[in-house]
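In case you want the letters, here they are:
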Amino acid sequence: MAVKNTKFKDAGEIIENALASGRKILLPDEAMDIIKSSGISTPAYALAKTANEAVTAAKSMGFPVVLKIVSPDVLHKSDVGGVVVGVENDKEIERNYNEIMNNLTKKVQDADIMGMLVEKQVPTTTEVIVGGIRDEQFGPTVMFGLGGIFVELFKDVVFRIAPVTETEALEMIGEIKGYSVLNGYRGTEKLDIQKLSKTVVTVSELISDIDEIKEVELNPLLVYTEGVTAVDARIIIN
Amino acid sequence: MALDKFFNPESVAVIGATEDPKNITSMIMKNLIEMGFEGRLVPVNPHHDEVFGHKCYPSLLEIKEKIDLTVISIPARFVPEVLRQQATCGIKNAIVVSGGFAESGYKGAILEEEVMKICKEEGIRLMGPNCIGVLDNYSNFSSSFLPWTKVKRPAKGNLSILSQSGSFAICVLDMLSEEGMGVSKVINYGNRADVGESEMIEYLTDDDSTHVIGIYMESVDDGRRFIDASSSCSKSKPIVALKVGRRDSGIEAVKSHTGTIAGKYEIYKAAFKKSGIVEVNGFTEFLDACKVLSMQKPAKGEKILVLTNGGGFGVATSDMCSDTGLDVANTPESVRKVLSEKFPGYFILSNPIDLTGSSGDEDYGIAMKAALVDNDFFDAAIIIPLMPPETMTEGVVEIISQMARESGKPVVICVASGVYTGGVKTKFEEKGLPVFPTPERCVKAMSVLVERGRMNGC
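Keeping their order, the protein sequence lines are chains A and B. If you count the first sequence from 1, you need to add 51 to reach our numbering. If you count the second sequence from 1, you need to add 300 to reach our numbering.
The set of hints was computed from the structure by calculation and includes no laboratory data. Hints should not be assumed to be uniformly reliable.
BS3-like cross-link-like pairs, simulated, lysine-lysine; straight-line CA separation at most 30 Å [claimed, not checked]: (1) B:K573 / A:K249; (2) A:K55 / B:K535; (3) B:K573 / A:K241; (4) B:K322 / A:K75; (5) B:K330 / B:K456; (6) A:K241 / B:K574; (7) B:K322 / B:K420; (8) A:K246 / B:K322.
Covered stretches of chain A, as calculated for chain B (at least 3 residues, CB under 8 Å) [unchecked claim]: (9) 122-134; (10) 180-192.
We put the beta carbon where it would ideally sit given N, CA and C, even for glycine.
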């Protein structure tokens with residue numbers, strides 16, 4: 052695949068493989084691999100094919116962890132009981148691993164299951180969404196908004212034509228109505244807007260660079276006083 | 301320039317020309333004659349020998365001389381044949397006024413495809429179908445079928461309008477005339493089967509008589525080309541856009557209107573931003589933005605002087621400035637010092653400067669000289685001369701416009717409506733100062749100048 056920027060070389064290969072196997076939605080681990088290889092930080096994660104592998108992975112990254120189903124037949128992981136957070140030890144991993152498997156086989160017969168994504172659980176903080184869609188008319192675009200009710204209730208999001216510069220990304224962040232949530236209000240600490248803007252730039256470059264990406268979304272992206280972390284990513288290709 | 305024959309044709313064939321007032325083609329002919337179009341006007345219709353004194357030909361094939369453009373307003377089903385004939389004659393441009401194409405349903409869409417196939421094969425450029433076409437105020441050419449007795453033709457000016465809607469194109473002409481604004485070109489491409497706004501923006505970028513472009517947009521013809529064309533154009537010429545069909549309920553209307561589907565509004569906003577386009581809400585803002593940009597230059601910053609002899613207007617304007625992100629910064633000490641030596645103690649010298657009901661024409665001159673001409677603190681000014689006091693006369697127009705010129709800064713005027721004041725408005729606008737009847741419209745217009753200034757980094 053012809054990627055223009057070498058930092059998206061791995062991303063290009065992952066997408067190429069997925070397209071070769073006829074898939075339009077990347078698996079959770081593939082999406083995370085793309086995000087990580089593009090230079091956006093993620094929590095430690097690993098794909099486990101058995102409960103034992105999940106235990107080994109969790110021990111090496113440290114508890115608590117989050118378990119997420121990895122299956123090409125699942126579009127919304129939470130809807131099928133495919134996500135469990137706050138898993139604290141070996142026993143809980145085994146119990147939850149099997150429960151998630153059961154949940155899925157009950158809801159989706161003959162579901163193809165690759166295993167479980169084990170992800171180190173990170174501290175909660177302000178959640179934002181950084182996404183991109185390829186518009187039929189205007190081509191690649193990038194979107195930024197605060198997560199949770201801000202996006203659902205207030206549609207407090209802003210779009211730009213991709214790619215954007217860091218200045219444009221900062222302008223986008225400043226444009227949302229809930230900006231003060233990020234910039235510190237009533238004594239809350241100012242969050243790492245600089246890192247956030249760099250992430251917006253990277254997502255905008257990713258969708259501009261790889262024509263096969265139809266949609267990309269980091270949701271949520273956690274924003275700390277220092278640094279940001281993408282805990283979940285979704286990428287649609289064609 | 302490739303599309304110039306749509307605006308400056310040396311010879312035009314009007315297909316289906318007739319004197320029958322029930323047929324819109326008669327109006328197209330009449331308009332062209334009354335407007336004093338200086339190119340050759342050639343009616344084509346097998347049923348007539350002469351139309352309004354012009355020799356009429358039975359078909360394009362019979363015309364010996366070179367024709368630059370056809371204007372076609374015959375029933376849709378006959379249009380392909382005319383295009384084939386004009387291909388034979390080597391006529392490269394057509395304005396298809398006729399409706400009954402993609403906007404009318406499946407059969408019409410098939411017909412439109414056939415028309416476009418002919419055009420592509422034969423290298424014919426087409427405007428429309430289902431359109432008004434163009435008005436070029438300099439070449440006196442128009443394909444409009446609406447009588448100028450009912451739609452007032454504006455004076456020559458530097459504003460050009462692109463409109464996907466025919467009714468908007470026509471009504472905006474009337475509204476611009478009413479506002480006393482001049483126009484260069486108005487273009488309505490209807491179904492936009494071929495020529496659309498992107499290519500028109502490219503054309504107008506190099507059009508000397510166009511300094512400002514206003515676009516009424518339902519959907520875009522080619523998103524990326526539009527961004528490229530507008531980004532390049534807006535470096536030298538301001539573009540104002542009114543996007544309609546923004547919400548789900550609106551999109552249906554657009555779909556049935558011109559046969560296209562509007563894209564997501566948020567992405568349009570992003571595209572306008574990328575292109576350096578000033579986006580406006582509604583007709584009033586559209587006209588006001590076009591007006592202020594065609595009369596005044598952009599503001600270098602957002603520090604606005606508000607000067608009035610009516611305290612209430614000053615406070616209201618100041619509030620609206622703050623809401624819009626304009627800075628009604630306090631009058632600098634040096635300016636206050638000068639003014640306090642010349643004015644009585646009860647004049648208010650903080651911004652807004654309130655000259656009170658006992659001031660006269662000359663006081664405006666003194667205030668503007670000190671705050672705007674001799675001092676560079678303010679980037680622009682909103683001046684609100686209320687005319688009712690006996691001491692205020694029409695002489696204030698000359699004083700304010702003189703000071704505005706000397707300052708080199710953008711100035712907009714607010715005068716409330718009224719029979720007497722209406723006359724003052726005209727006088728201000730003759731001097732090149734745009735007048736708006738309310739503080740909110742004044743402030744919005746000023747914010748357009750500030751936004752434009754921010755965009756092209758002037």
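Subject >> Hints violated by the structure (listed by number, smallest first) >> reply: 4, 7, 8, 9
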